[in-house]
Amino acid sequence: MYHTLLNSPVSAETQMLLPTVETMVGVLYFGLFAISFDFISGYTGYLSFGHAVFYGTGAYTVILIANGKLPLLGPGTPFMLSLVVGGLVAVVLAILVGLVSFRLSGVYFAMITLGFAQVLYVFVRGWDYVATNPRDGPAVGPSHAEGFQIGVPGIDQLSLSIGVLTGDEVALLGSVLSGTEVSYYMIGLVVLACYFAMQRVIHSPFGRVLIAIRENEERAIAIGYNTYLYKLGAFAISGFFAAVAGGLFAGFKRSASPENAFYFLVTGDALLASIIGGFGTLAGSLYGHLFDETVREFLSKAGQGGGLLPYLRALLGQKTLDATLVGDTTIGGLIDLLLNGHASLYVGLVFVLFVLYVPDGLLGTLRARVGGTFAEALPERLWGESE
Amino acid sequence: MILEALAEFLTLGELGGVIVNGLAKSALYVMIASGLTLIFGLMGVLNFAHGSLTMVGAYLGGLLMVVTVTGGTAPLARLGLFFVAIVVVFALLTVLGGAIETTIIRPLYDRPPIYQILLTFGLTLVIEELVRIVLGIYDLQPLSDWQAALATKPQFLRESVMLGPVSAGWMSLFQILLGVVTVVGIWTFLTKTRYGLYIRAGSEDAEMASALGIDVRQVFTVVFALGIGLAGAAGTLLMWDPTWGASVPLAAETLLPAFIVVIVGGLGTFRGTVVAALVVGMADAVTTWWFQNAIQFTGLPELVLFLVLVVTLIVRPQGLFGVEEVGGH
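Going down the list, the sequences are from chains A and B.
Heads up: the first sequence begins at 1 in our numbering, then just goes up one per residue.
Heads up: the second sequence begins at 1001 in our numbering, then just goes up one per residue.
Derived by calculation from the structure, the hints in this document are not laboratory data.
The structure displayed is predicted, hence computed values, not measured ones.
Cβ coordinates follow ideal geometry from the N, Cα and C atoms, glycine included.
A hint or two may mislead.
[Claimed, not checked] One side only, chain B facing chain A, incomplete, derived with CB under 10 angstroms: (1) Val1018; (2) Pro1107; (3) Pro1113; (4) Leu1118; (5) Leu1123; (6) Arg1132; (7) Gly1136; (8) Gly1245; (9) Leu1267; (10) Leu1303; (11) Leu1305; (12) Gln1318; (13) Leu1320.
[Said to hold, decoys possible] Quick list of the computed label-pair ranges, beta carbon to beta carbon: (14) A/Pro71 x B/Ala1099: 53 to 63 angstroms; (15) A/Arg208 x B/Val1088: 32 to 42 angstroms; (16) B/Ala1252 x A/Glu22: 42 to 52 angstroms; (17) A/Glu22 x B/Tyr1138: 57 to 67 angstroms; (18) B/Thr1103 x A/Thr365: 15 to 25 angstroms; (19) A/Tyr228 x B/Phe1189: 49 to 59 angstroms.
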């Protein structure tokens, strides 16, 4: 599909508008992280501002296992298993943090989780066991040159390698999928499975209690629920999936750093995704992050891939670009200045506008419009009322 | 080795130096956090844009100094200009703060408080990127400190003076002085003026205050504006400090300590903020000394700040001077 569009007469426009496959892989694993953030914060109303700590734990665990630095688990441990191990480490961590933190609420809860996360962030940044240069973070060593395998555990034929520049290529139905595209589908499978798992939990009686906590915690207690345990359980589940997301990120990127795994702004990005997509709509976070990334890529990628900047450069031509506007500022210079690497500006503006005018987010607003989730509302719209 | 270090730590010269350092740090923390605590205490808004506005203040202050100071300006004249810069930046950012409150924060008061936090978080992204763009226009390196601004510092502030056996930097003494002035100023404003009374009444019970005829909306605007102004003034002060300086990452670097101080002190109590700033500043100074002299672990002081936060919240969830009831906000 993508290739067809690229070879069509509107190829330049396609390239400008659509994100690259590399970006989409990022959307998938980070979208999973945003979903796990929404799982706890969107459904219970407790803003877990240090959620990046679980993402980082997952990423670091995967890399440490691959480098043979974790006791009992050799470098040969299957990737799927190390994802689960990372998840379990995060569960333990989540329970420890949660035991203390859930005695607080509101802003205080946000701050104490942030506090714990920052303690770990600073600690990891200074701990030279995880990497020779802990400030830059660990990378997967040469023992894993060919990329990690995702698939059905125990059956090698059904597993495919993922990774930037390292993954498998697959010939399928006459077209060849590049390594990155294979990564896209394989990571997508894991993300999908995780999403369904979380959705299952949300639609269970357990999930109902979480929503009850968000709406009115005192009443939930009065009915007889031990909300503390429910919150703790939800926090642990959320931590598990956040760590899986981190593991996928590390598996694909083959390295991680304190800044892109543990820092509080990583949580901030998940927050952006959840709000834009719709707070308290699990899938919305994924769309929110897709939207976020699309804005970023469309408005401010220089050089490789799509975006408005290369398109404008090609469209306007060098003559126009060199024309001066005011003083010695050229049009090209102005476009560069406004579009090159300033994605946060536009993302921030979009975010502020969403908070002000679209408080339910993309998916929340759409659901309110069609009156229910799409799975329920769409058949009704198409085939009329049933029963 | 630890014992030797302890013996050295307890000598009068070293201990005195650490205390002066700690006080100087506390003064900076109280300046960074007091604006945040005013806003937080009255409105319950954890203003995420506080750090970014501090950073804007640092650049504005730096700009004023770079424009007005030449190589021949005498040290005392530089100090005078510095105070002028603080006042100007305070005034500018107060206006900006008022504008922000009336245009984008006001529509959110009837929503859950989480939305106000989110909004200011988005605001941070916008402010930081705008600053980056402006810096890009003028070809200033946004990541490292702005050296031209640092260079306007008078020479004597780089030197130290001996107070008995204790060697104290003039810069530290200067910061302690400014910190004391800030604390006394805000305290006087809060307790001795009519407007301060409104603010205190508003943070106790906004509904009751408005029932008694206080225009709470207006109080909100004024407090938000003043809080932002204080953030800017703090930024101007940080511009000369060798460990901070005017740079874009300053936003995140100041935001987190300010949060810690406000939370440790207790929701919106100014007294708590002052005490917390002292605690945090001292802890910072002590661990910095140990890190430089005995223990090898990078980032130890940063770690300690967050440990103070976590331990306080575990032992006393409402903060040192906070009221239990308000904690659930």
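Worksheet item: Which hints, by number, does the structure contradict?
Response: Hint check: 1, 8, 13, 15, 16, 17, 19 fail, others pass.
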